[in-house]
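A.B. asks: Each chain, written out:
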Amino acid sequence: MKVFVVGLNHHTADVEVREKLAFNGPRLEDGLSRFRELPEVHEAIILSTCNRVELYANVGDTDKAVDSVKSFLSEFHAINKASLDKALYIYSDVQAVRHIFRVASSLDSMVVGEPQILGQLKDAFDFALKKKTTGILLNKLLKKAISVAKRVRTETRIAENAVSISFAAVELARKIFTNLSSKVCMLLGAGEMAELAAKHLITNGIKEVIVSNRTYERACDLASEFRSRAVRFEEFLQEMAGTDIVICSTGAPSFVLTKPQMQKVIRERKQRPVFIIDISVPRNIDPEVNHLDNVYLYNIDDLQGVVDANIFERKKEAEKAEGIIGEEIDTFLKWQSSLDSVPTIIALREKADEIKREELGKFFNKFPHVNGKEKEAIEYMTAAVINKLIHPPTSALKEDSEDRDVLIATVKRLYGIDDKA
Amino acid sequence: MGVILFELALTFYFAASIVSTIELFKGTKTTQRIMFSLAGAGFVLHTVSIIYRYLTAGHIPITNFHEATSFFSWCIVLIFFFLQAKYRISLLCSFIMPIVFVLMLSSSLLPREIKPLSPVLQSYWLGIHAVLAFLGNAAFALASGIGTMYLVQEHYVKSKRLGGLFERLPSLQILDEANYRLITLGFPLLTLAIITGAVWAESAWGSYWNWDTREVWSLVTWFIYAIILHARLVAGWRGKKAALLSIVGFLTILIAFYGIKLLRKGLHVFQ
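The listed protein sequences correspond, in order, to chains Y and P. Per my numbering, the first sequence runs over residues 1 to 421. Per my numbering, the second sequence runs over residues 1 to 271.
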């Protein structure tokens, strides 16, 4: 009874390999049931996302399991074993538990702290539950992994700061305006990054995104995509009085917005704040603009700086998270090792019951005149004696002690219990 | 009894300011909840102690320095809870509680005995005038606190260094709105306080305006806040300028309150 992990992720395999090994849609069901039926595999879960493919199992013999899982993967995905060997990592016992906890807590993710992985893991677990491929060990492990991830989420700030440029832009906008639902954003130029940032603003509930571009048709196209309006490039300055957020990426060789122009705009706006994001290189907006009151200008390097600082912050928080995981591994292992003695306890009880039944049978044969009431009393007394006798060894087996292995062996030998389990 | 209530309130404020300091650095949901419960308990006890003193003395307890300081702290906490209900600027508690505690501590060190009032102070105008003035000043005190928070947050955003309290401070817009709201609350209170003060002065000394130091300072303060409101409405002086002015305004009030106490001159000095 061992936790066992075979898998690959973005660190160990390119996207081509990950694609080939993915268990998508209908292949997941088929793959999961075949994985579960492998020799040595008692319980099975498959987690397949775009960044990782991982197989979790409860196995008997680790070495045999490695072989059978590898041949299963190479056969199922029609991929040769050599290229598999390069991509796969294999963990068992403590390492496997630690790995699953780290994956759930998003410490093993490409972007540490990203929240999707926990949902994906829950889905994988739910699917396995539905297909009844899990049992006592993996059920407990996955529930524990989910609660560990939640603990990490609440006790550290691992998922708090934006780690992509467009998220950082939205986060900043929120720190300037609170609520975006009454705010208007203008795209100056229609670069891909500006578009992405605008989409993030839309998902965060911004009222409107208007578009201005040197080629008016392109502006119209994009505007219709955002269900808003296009503005001729010559007229964008007039629009700025009603614009709270400007995302600029025009590719112009010089400044399209100067300090005196902005001064006029902010006066027209009665000093209502403006957040300007200049992601063009070379810069399109005079950096001096940032010195005006109520104007907040961020260029691409500034945003990257924010992102870098956040990533650094997350790394620090990740260390705290590792500590939490360490604690949780201990409690899980304690629970798991308490399972070791369960078969012996059951066998001991069965043995005692068997003796009781046999001896009572013999006794009642010898003394057939014993009536119902007396029979009951004798049965009751025998049960009491037997229970008293096996109580100390069972409770000793249940106890969490270091010499549990020795105890299990001793009990088996003393009571003549065979190794069936 | 009154002493016990006051000391208990002081103890709760002390605990709240300790927890609020922890909250400032740690910032978890639990510390926040404990901080608000302690501050709330302190406030309830404080309220009861003020009512008790009112019943014992038979007049509104704002007649000596001990009472005035205590009542001022009470006004600050009262307005803070109203502000919290609307804007949820929880971090403000971490700034306010230590100040409230220090005010209460200084109040506890001042002589507390209830003395018979001098005839000049025996007027219901005293109560109205003083309560209005203290509530107004408390609103201005909180406005300056919010203004400071605005300047800190503005500095983070402008300088593009988003560490420290950036995450925990609310948005610039909320801080600016709360600052404005507090000044629009404080200004009419101050105006009414000046008017009722004039009425009281007339009934006590026979003239509405005596050019007493305190009166002059109140007028200066009134003009400063009038300028803040006017500039905001007409020239759009919001954000940083409004925040700075609200701090300047409150400094003027502090000079008026403590400066005059030190000079020991004029009609407003407590006996």
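Because the hints were derived from the structure by calculation, they are not lab data. Hints are supplied without guarantee of correctness; some may be wrong.
Derived pair list, reagent style DSS-like, types lysine-lysine, alpha-carbon separation capped at 27 Å [to be verified]:
no.	chain 1	residue 1	chain 2	residue 2
1	P	Lys29	Y	Lys144
2	P	Lys86	Y	Lys270
3	P	Lys86	Y	Lys315
4	Y	Lys316	P	Lys86
5	Y	Lys320	P	Lys86
6	P	Lys158	Y	Lys264
7	P	Lys240	Y	Lys315
8	P	Lys160	Y	Lys270
9	Y	Lys207	P	Lys158
10	Y	Lys315	P	Lys241
11	P	Lys29	Y	Lys150
12	Y	Lys264	P	Lys240
13	Y	Lys199	P	Lys160
14	P	Lys26	Y	Lys270
15	Y	Lys320	P	Lys29
16	P	Lys29	Y	Lys270
17	P	Lys158	Y	Lys270
18	Y	Lys315	P	Lys29
19	P	Lys240	Y	Lys259
20	P	Lys86	Y	Lys207
21	Y	Lys259	P	Lys29
22	Y	Lys264	P	Lys26
23	P	Lys158	Y	Lys199
24	Y	Lys264	P	Lys86
25	Y	Lys150	P	Lys241
26	P	Lys160	Y	Lys259
Cβ pair distances, simulated, as ranges [what the hints assert, rightly or not]:
no.	chain 1	residue 1	chain 2	residue 2	range
27	P	Arg33	Y	Lys316	24 to 32 Å
28	Y	Thr331	P	Leu251	41 to 49 Å
29	P	Arg33	Y	Arg232	37 to 45 Å
30	P	Ile99	Y	Lys270	28 to 36 Å
31	P	Leu251	Y	Asp293	18 to 26 Å
32	P	Ser90	Y	Pro343	29 to 37 Å
33	Y	Glu354	P	Arg33	34 to 42 Å
Glycine included, C-beta positions come from ideal geometry on N, C-alpha and C.
A.B. asks: With reference to the structure, classify each hint as holding or not holding.
C.D. replies: Evaluation of the provided hints:
1. Lys29/P - Lys144/Y: holds (23 Å)
2. Lys86/P - Lys270/Y: holds (25 Å)
3. Lys86/P - Lys315/Y: Violated, at about 36 Å.
4. Lys316/Y - Lys86/P: Violated. Lys316/Y to Lys86/P sits at ~35 Å, over the 27 Å cutoff.
5. Lys320/Y - Lys86/P: Given that 27 Å is the threshold and the Cα spacing comes to 35 Å, the pair is violated.
6. Lys158/P - Lys264/Y: holds (20 Å)
7. Lys240/P - Lys315/Y: violated (34 Å)
8. Lys160/P - Lys270/Y: holds (24 Å)
9. Lys207/Y - Lys158/P: With a Cα-Cα distance of about 25 Å, the restraint between Lys207/Y and Lys158/P holds, given a limit of 27 Å.
10. Lys315/Y - Lys241/P: Violated, at roughly 38 Å.
11. Lys29/P - Lys150/Y: holds (15 Å)
12. Lys264/Y - Lys240/P: holds (18 Å)
13. Lys199/Y - Lys160/P: holds (23 Å)
14. Lys26/P - Lys270/Y: The given pair, whose Cα atoms are some 38 Å apart, is violated under the 27 Å limit.
15. Lys320/Y - Lys29/P: holds (18 Å)
16. Lys29/P - Lys270/Y: Not satisfied, since the Cα-Cα distance of roughly 38 Å exceeds 27 Å.
17. Lys158/P - Lys270/Y: Status holds; Cα separation ~19 Å.
18. Lys315/Y - Lys29/P: Holds, at roughly 23 Å.
19. Lys240/P - Lys259/Y: holds (19 Å)
20. Lys86/P - Lys207/Y: Between Lys86/P and Lys207/Y the Cα gap is close to 24 Å, so the pair holds against 27 Å.
21. Lys259/Y - Lys29/P: Violated. Lys259/Y to Lys29/P sits at ~43 Å, over the 27 Å cutoff.
22. Lys264/Y - Lys26/P: violated (43 Å)
23. Lys158/P - Lys199/Y: holds (25 Å)
24. Lys264/Y - Lys86/P: violated (34 Å)
25. Lys150/Y - Lys241/P: violated (43 Å)
26. Lys160/P - Lys259/Y: Distance ~19 Å between Lys160/P and Lys259/Y Cα, so the pair holds.
27. Arg33/P - Lys316/Y: 24 to 32 Å: Holds: the Cβ-Cβ distance is about 26 Å, inside 24 to 32 Å.
28. Thr331/Y - Leu251/P: 41 to 49 Å: Given range 41 to 49 Å: violated, Cβ gap about 56 Å.
29. Arg33/P - Arg232/Y: 37 to 45 Å: Given about 54 Å between the Cβ atoms, the range is violated.
30. Ile99/P - Lys270/Y: 28 to 36 Å: Holds, since Ile99/P and Lys270/Y (Cβ atoms, about 33 Å apart) stay within the stated range.
31. Leu251/P - Asp293/Y: 18 to 26 Å: holds (21 Å)
32. Ser90/P - Pro343/Y: 29 to 37 Å: violated (54 Å)
33. Glu354/Y - Arg33/P: 34 to 42 Å: The hint (34 to 42 Å, Cβ to Cβ) is violated, given that Glu354/Y and Arg33/P are roughly 58 Å apart.
Hint compliance for this structure: hints 3, 4, 5, 7, 10, 14, 16, 21, 22, 24, 25, 28, 29, 32 and 33 are not met, and every other hint is.
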